[in-house]
Amino acid sequence: MANITKKVSWSSRADESGPPGEGTPLLNGSEPRLSRQDSLRGRPKEIPHNEKLLSLKFESLDYDNIENQLFLEEERRMSYMGFRCLEISRWVVCGLIGFLTGLIACFIDIAVEQLAGIKYQVVKQNIENFTEVGGLSISLILWAVLNAGIVMIGSIIVAFFEPIAAGSGIPQIKCYLNGVKVPRVVRLKTLLVKVCGVISSVVGGLAVGKEGPMIHSGAVVAAGVSQGRSTSLKRDFKIFEYFRRDTEKRDFVSAGAAAGVSAAFGAPVGGVLFSLEEGASFWNQMLTWRIFFASMISTFTLNFFLSIYYNNPGELSNPGLINFGRFETDTVAYNLYEIPLFIVMGAIGGLLGALFNVLNYWLTIFRIRYVHRPCLQVMEAMLVAAVTAAVSFTMIYFSNDCQPLGPDHTEEYPLQLFCADGEYNSMATAFFNTPERSVRSLFHNQPGTYNPLTLALFTLTYFFLACWTYGLAVSAGVFIPSLLIGAAWGRLFGILLASTTSTGQIWAKPGKYALIGAAAQLGGIVRMTLSLTVIMVEATGNVTYGLPIMLVLMTAKIVGDYFVEGLYDIHIKLQSVPFLHWEAPATSHWLTAREVMSAPVTCLNRIEKVGTIVDILSNTSTNHNGFPVVLEVHASEEPPKLCGLILRSQLIVLLKHKVFVELARTRLTQRKLQLKDFRDAYPRFPPIQSIHVSQDERECMMDLTEFMNATPYTVPQETSLPRVFKLFRALGLRHLVVVDDSNRVIGLVTRKDLARYHLGKHGLEELQLAQT
Numbered sequence: 000m001a002n003i004t005k006k007v008s009w010s011s012r013a014d015e016s017g018p019p020g021e022g023t024p025l026l027n028g029s030e031p032r033l034s035r036q037d038s039l040r041g042r043p044k045e046i047p048h049n050e051k052l053l054s055l056k057f058e059s060l061d062y063d064n065i066e067n068q069l070f071l072e073e074e075r076r077m078s079y080m081g082f083r084c085l086e087i088s089r090w091v092v093c094g095l096i097g098f099l100t101g102l103i104a105c106f107i108d109i110a111v112e113q114l115a116g117i118k119y120q121v122v123k124q125n126i127e128n129f130t131e132v133g134g135l136s137i138s139l140i141l142w143a144v145l146n147a148g149i150v151m152i153g154s155i156i157v158a159f160f161e162p163i164a165a166g167s168g169i170p171q172i173k174c175y176l177n178g179v180k181v182p183r184v185v186r187l188k189t190l191l192v193k194v195c196g197v198i199s200s201v202v203g204g205l206a207v208g209k210e211g212p213m214i215h216s217g218a219v220v221a222a223g224v225s226q227g228r229s230t231s232l233k234r235d236f237k238i239f240e241y242f243r244r245d246t247e248k249r250d251f252v253s254a255g256a257a258a259g260v261s262a263a264f265g266a267p268v269g270g271v272l273f274s275l276e277e278g279a280s281f282w283n284q285m286l287t288w289r290i291f292f293a294s295m296i297s298t299f300t301l302n303f304f305l306s307i308y309y310n311n312p313g314e315l316s317n318p319g320l321i322n323f324g325r326f327e328t329d330t331v332a333y334n335l336y337e338i339p340l341f342i343v344m345g346a347i348g349g350l351l352g353a354l355f356n357v358l359n360y361w362l363t364i365f366r367i368r369y370v371h372r373p374c375l376q377v378m379e380a381m382l383v384a385a386v387t388a389a390v391s392f393t394m395i396y397f398s399n400d401c402q403p404l405g406p407d408h409t410e411e412y413p414l415q416l417f418c419a420d421g422e423y424n425s426m427a428t429a430f431f432n433t434p435e436r437s438v439r440s441l442f443h444n445q446p447g448t449y450n451p452l453t454l455a456l457f458t459l460t461y462f463f464l465a466c467w468t469y470g471l472a473v474s475a476g477v478f479i480p481s482l483l484i485g486a487a488w489g490r491l492f493g494i495l496l497a498s499t500t501s502t503g504q505i506w507a508k509p510g511k512y513a514l515i516g517a518a519a520q521l522g523g524i525v526r527m528t529l530s531l532t533v534i535m536v537e538a539t540g541n542v543t544y545g546l547p548i549m550l551v552l553m554t555a556k557i558v559g560d561y562f563v564e565g566l567y568d569i570h571i572k573l574q575s576v577p578f579l580h581w582e583a584p585a586t587s588h589w590l591t592a593r594e595v596m597s598a599p600v601t602c603l604n605r606i607e608k609v610g611t612i613v614d615i616l617s618n619t620s621t622n623h624n625g626f627p628v629v630l631e632v633h634a635s636e637e638p639p640k641l642c643g644l645i646l647r648s649q650l651i652v653l654l655k656h657k658v659f660v661e662l663a664r665t666r667l668t669q670r671k672l673q674l675k676d677f678r679d680a681y682p683r684f685p686p687i688q689s690i691h692v693s694q695d696e697r698e699c700m701m702d703l704t705e706f707m708n709a710t711p712y713t714v715p716q717e718t719s720l721p722r723v724f725k726l727f728r729a730l731g732l733r734h735l736v737v738v739d740d741s742n743r744v745i746g747l748v749t750r751k752d753l754a755r756y757h758l759g760k761h762g763l764e765e766l767q768l769a770q771t
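Going by numbering that gives the first Met the number 0, 600 is the number at position 601 of the sequence shown; the sequence numbering is gapless.
Derived from the structure by calculation, the hints contain no laboratory data.
Note that CB positions come from ideal geometry on N, CA and C, so glycine has one too.
One or more hints might be untrue.
[Said to hold, decoys possible] Straight-line C-alpha distance at most 30 Å; calculated DSBU-like pairs for lysine-lysine: (1) K180 x K655; (2) K655 x K233; (3) K657 x K233; (4) K725 x K655; (5) K51 x K118; (6) K640 x K725; (7) K608 x K640; (8) K657 x K671; (9) K56 x K760; (10) K233 x K760.
[Claimed, not checked] Derived CB-CB ranges, DEER-like: (11) I338 x F236: 52 to 58 Å; (12) D560 x W589: 46 to 52 Å; (13) I367 x R697: 43 to 49 Å; (14) D679 x I338: 58 to 64 Å; (15) G762 x N283: 35 to 41 Å; (16) R83 x E705: 55 to 61 Å; (17) I87 x G540: 21 to 27 Å.
Let's have the full structure, built from the sequences with the hints guiding it.
Pasting the structure below:
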């Protein structure tokens with residue numbers, strides 16, 4: 000029998016279903032499940048790592064449509080033209096998502112370029128002035144203070160006003176599309192803080208990129224536009240009301256994430272594949288077309304407005320925030336015998352990516368324990384900005400890596416810091432630029448531009464700076480830092496290969512090794528394969544390297560996964576999110592629904608007393624969100640049988656609208672509600688404490704027949720865990736009712752019941768559930 004380790008037994012629990020039964024068998028029946036008191040006594044006083052538990056603060060989204068009588072009547076009344084209009088509305092919404100996401104990307108790009116240009120000009124002039132008098136320490140202080148001050152602004156608005164805007168946002172969007180309700184993740188306030196924060200982070204000189212946060216920004220735009228209103232601004236435009244449910248919003252958020260990738264890299268196909276591979280847990284054919292449409296509109300919008308900004312209206316040559324530049328045919332040409340070298344570079348990228356993830360993992364745990372106060376988070380961000388500036392300045396000064404300034408050099412390679420006239424500092428070109436321009440210079444600079452020692456020092460330094468930076472209380476992405484690290488050591492790899500031959504001619508184009516190294520490093524950190532291959536091909540504008548990049552990314556993923564998970568998966572675990580992967584744990588076939596379900600379950604009668612409903616919803620120890628509805632119990636009859644399922648949010652709307660009648664009336668006639676009443680309350684349903692029910696109203700009855708889902712998904716109690724997992728995951732369920740042979744409710748399976756089982760070092764393990 001498979002080995003299973005019970006990490007910590009059940010704690011006090013409040014999730015979508017309810018507390019587990021006491022005294023019921025654990026798993027295979029050979030070991031009794033501990034009671035709540037025993038569990039509390041055995042609970043450790045300090046939980047060492049957040050990835051050892053699942054947080055109960057994360058609820059599930061209702062991705063399964065609630066097919067009650069109201070919904071079915073609305074669908075039956077809708078004509079063929081009505082369905083066609085809805086489909087057209089979906090395309091309109093996707094077009095708006097792409098347009099607004101492109102505008103946001105354009106604003107971020109222009110703001111970063113303008114502010115960074117001003118900062119670099121001030122620092123450069125200061126350095127040149129003080130170089131003559133030997134007062135370089137003043138220049139260093141100015142550089143550090145400028146960076147720390149700019150980063151402080153971005154960190155304050157994140158740490159104090161909207162912490163969910165920290166980082167790239169990709170882990171949070173992955174969780175949302177997986178079915179987890181992450182608080183405040185798609186709010187308007189989150190978008191504003193995200194945009195301002197990422198501008199501050201990039202301009203402040205941190206080892207970050209602005210491309211990752213664009214995915215989060217696109218998702219927020221999609222969530223807002225698709226609802227036709229703003230709950231934050233309390234404005235309702237009375238449009239797109241049909242889409243006010245989790246199922247529809249999920250599809251639009253997938254389109255927003257893809258539009259963000261498309262705007263970031265100018266890769267619409269890569270955006271679709273990213274949403275499929277890394278984001279959306281649910282997919283269909285029509286969704287593919289709509290997401291591709293949103294991605295194309297996003298790229299076109301960014302391209303169009305940037306052409307106006309650069310005084311070339313209509314010249315659509317800036318497809319994304321980062322443009323790798325077009326590789327010439329002689330640059331990208333490669334031979335068959337170079338493919339093994341590319342695979343070796345993929346393995347190096349996997350190893351370095353695993354090292355990056357492990358270091359960032361322990362650093363994040365340290366932050367969770369000791370740097371959890373907003374003021375400390377702001378101070379850490381300022382410290383990292385100051386250290387980054389100091390390290391950059393020091394390495395530029397002592398590298399003395401001066402190269403002749405050729406006629407083909409443009410403003411992207413202008414930095415003559417600490418060099419004679421007619422020369423420029425290649426170390427300054429790498430450090431004293433936005434990361435996007437640094438990547439482009441590593442791809443396209445002529446052979447001999449960079450000294451090998453310069454590249455080695457830059458790779459080592461930037462690696463640790465990027466690792467330290469990811470996870471700060473700032474809006475920042477890891478895509479561009481990863482590409483820059485990989486491009487640096489990839490170019491170094493090419494230079495070293497050239498030095499091993501007498502002529503060096505076959506290795507004369509180090510740009511292609513910089514490209515392969517960039518792909519290997521990014522793949523080793525985030526573990527993307529298909530989507531990243533297409534993104535790299537689209538961003539370079541040349542399909543020649545499609546096969547090598549694919550092989551490199553596959554190798555990087557295989558090697559990296561041997562040691563540790565991808566960076567996004569690590570941070571999802573550290574946030575204690577009940578994330579469901581594609582498949583159940585491989586050794587879990589011997590578990591059944593009866594052994595993993597939550598029991599006993601709080602059920603409601605089909606015609607229930609209002610006071611009973613209010614008491615159940617108000618009971619803080621049973622903060623359930625789904626209630627099986629059973630036929631009324633009579634003393635002479637058998638135990639109640641399942642006849643439906645109703646959600647907490649539905650019950651609150653019914654109570655708010657007083658949908659009940661007096662007990663004395665023989666015929667129940669309730670106020671007629673429509674789906675619009677439920678959609679108007681979505682997504683921020685009022686708490687039960689805000690609903691006033693008088694003592695007389697408590698004696699009334701409520702008929703749930705019209706509002707409950709009369710056909711909830713059920714499974715027999717002997718169903719295996721992988722089968723339960725597949726049904727739950729594929730259909731995006733929130734509650735799965737477990738019944739016996741007579742269709743009597745014996746338990747509920749929720750997201751947390753499935754997510755708590757995972758493969759650990761000692762076999763199948765069961766995680767703890769906690770309130771935090």
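(request) Below or equal to 30 Å on CA atoms is what counts here, so check K640 against K725. (result) 25 Å, holds
(message) Holds or violated: the 21 to 27 Å window for the beta-carbon distance between I87 and G540?
(response) Violated, at about 34 Å.
(message) Can you confirm whether the C-alpha distance between K56 and K760 stays at or below 30 Å?
(response) 27 Å, holds
(message) With the threshold set at 30 Å, check whether the alpha-carbon distance from K657 to K671 stays at or below it.
(response) Cα-Cα ~11 Å, so holds.
(message) Can you tell me whether the CB distance of I367 to R697 sits inside 43 to 49 Å?
(response) 45 Å, holds
(message) Can you confirm whether the C-alpha distance between K608 and K640 stays at or below 30 Å?
(response) Distance ~18 Å between K608 and K640 Cα, so the pair holds.
(message) Check whether the Cα positions of K233 and K760 lie no farther apart than 30 Å.
(response) Violated, because 50 Å separates the two Cα atoms, which is more than 30 Å.
(request) Can you let me know if the beta-carbon spacing of G762 and N283 is within 35 to 41 Å? (result) 36 Å, holds
(request) State, for the Cβ atoms of D560 and W589, whether the hinted interval 46 to 52 Å holds or is violated. (result) Violated, at about 26 Å.
(request) For D679 and I338, compare the CB-CB distance with the range 58 to 64 Å and indicate the outcome. (result) Since D679 and I338 have Cβ atoms about 59 Å apart, the given range 58 to 64 Å holds.
(request) Given the hint that K657 pairs with K233, test it: the Cα-Cα distance must not exceed 30 Å. (result) 24 Å, holds
(message) Between the alpha carbons of K51 and K118, is the straight-line distance 30 Å or under?
(response) 44 Å, violated
In summary, the structure is inconsistent with hints 4, 5, 10, 12, 16 and 17 from the numbered list given earlier, while agreeing with the others.
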